[in-house]
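Take the sequences, apply the hints, and build the full model.
Residues in the sequence shown are numbered consecutively from 1, following the UniProt record's numbering.
It is worth saying that the hints were derived from the structure and are not from the lab. Quick reminder that beta carbons are idealized off the backbone N, C-alpha and C, glycines included. Nothing false has been slipped in among the hints.
Calculated pairs, DSSO-like style, for lysine-lysine (alpha carbon to alpha carbon, straight line, at most 27 Å):
1. LYS305 with LYS283
2. LYS151 with LYS77
3. LYS120 with LYS104
4. LYS77 with LYS120
5. LYS77 with LYS123
6. LYS77 with LYS104
7. LYS123 with LYS104
8. LYS305 with LYS290
Ranges between beta-carbon positions, derived for each pair:
9. LEU14 with GLU309: 52 to 62 Å
10. VAL54 with ARG185: 45 to 55 Å
11. GLU192 with ALA91: 42 to 52 Å
12. PRO69 with GLN116: 14 to 24 Å
13. VAL54 with GLU319: 40 to 50 Å
14. GLN316 with ARG52: 37 to 47 Å
15. GLY28 with TYR274: 17 to 27 Å
16. LEU9 with HIS147: 34 to 44 Å
17. PRO158 with LEU255: 23 to 33 Å
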Amino acid sequence: MDPRSEVLLRQAELFQGPLLIAGAPPDGLLAQLPQAHAWTWHAGDHALLESRFVGRCHCAVEPPAVDVPTAVLFLPKSRELAAYLLTTLAARLQGGTLYVVGEKRGGIESVARHLQAFGKPRKLDSARHCQLWQVSVEQAPQAAALHTLAKQFELSLPDGPLQVVSLPGVFSHGRLDRGTAVLLRHLEALPEGHVLDFGCGAGVLGAAVKRRYPGSHVTMLDVDAFAVAASRLTLAANGLEAEVVQGDGIDAAPLDLEVILSNPPFHTGVHTDYQASENLLQKSAIHLRKGGQIRLVANTFLHYKPIIEAALGNCQVLEEADGFRIYQATR
Numbered sequence: 001m002d003p004r005s006e007v008l009l010r011q012a013e014l015f016q017g018p019l020l021i022a023g024a025p026p027d028g029l030l031a032q033l034p035q036a037h038a039w040t041w042h043a044g045d046h047a048l049l050e051s052r053f054v055g056r057c058h059c060a061v062e063p064p065a066v067d068v069p070t071a072v073l074f075l076p077k078s079r080e081l082a083a084y085l086l087t088t089l090a091a092r093l094q095g096g097t098l099y100v101v102g103e104k105r106g107g108i109e110s111v112a113r114h115l116q117a118f119g120k121p122r123k124l125d126s127a128r129h130c131q132l133w134q135v136s137v138e139q140a141p142q143a144a145a146l147h148t149l150a151k152q153f154e155l156s157l158p159d160g161p162l163q164v165v166s167l168p169g170v171f172s173h174g175r176l177d178r179g180t181a182v183l184l185r186h187l188e189a190l191p192e193g194h195v196l197d198f199g200c201g202a203g204v205l206g207a208a209v210k211r212r213y214p215g216s217h218v219t220m221l222d223v224d225a226f227a228v229a230a231s232r233l234t235l236a237a238n239g240l241e242a243e244v245v246q247g248d249g250i251d252a253a254p255l256d257l258e259v260i261l262s263n264p265p266f267h268t269g270v271h272t273d274y275q276a277s278e279n280l281l282q283k284s285a286i287h288l289r290k291g292g293q294i295r296l297v298a299n300t301f302l303h304y305k306p307i308i309e310a311a312l313g314n315c316q317v318l319e320e321a322d323g324f325r326i327y328q329a330t331r
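Structure, rendered in structure tokens:
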């Protein structure tokens, strides 16, 4: 069980009534809190929770319409996302109680100053390298519309400026990350057809490809609901249309693809996780049509070439720059 869930269950008597758990981990916590509902924005976590607790799970950028006097936030790594979630939950809890649980290395010790805006916070527990905080919401804030928290910036590309819109919690929020910047230099001579932007984030690659190759059908896929929402905003800001899908990894992608483009993720919260990226490489041949191509960027310390060669029988490095490599392989 997640150590944060273990800390909650040390105070289980506080959580037996109607309850909303935001950022709920995909463990057995809900089995011990029978009146709790889960809110997550991670497609994989939602699928696991829904398979065990049917009808008690919600996956979106906004909380479900359940009337509860108590909520628990599993503190996310992103400070911007944490601020949005705290405000959104507290706005619904006038006279109710908000709890926040998180790992010390995830920033839980700094949460008290955020909670002071709602009431008088107190630390209830500290164990498993985690802390549990509580505040009775005496001053419920005004909920902020998510789109008002978006950050927009402009990229200068060879075919003109591209507007990018990102949301709290999305990778590289409000700026272009160095890996994607390198990959944007290698969009020439892409086969036209069905293109997948895997781990689309704010939609930089998918939007750039759709504008450069308007005849291609572009699918943008991410596990995170905030990334999916940001990608749709980026497309709209540039007058572009593409398919945007929330799903858990390459298994959620279409088949018979002409191109897979990716700056694949390898972090989950405060923990390092390579599974989604390695699954992408290992299963790329299943999703590419004969002659289809994968082109991706990765940190130089990640040993992806042998995995790509094992899956597709070939792999070349197009460029190595700024601590990144561009890999290309053909099925």
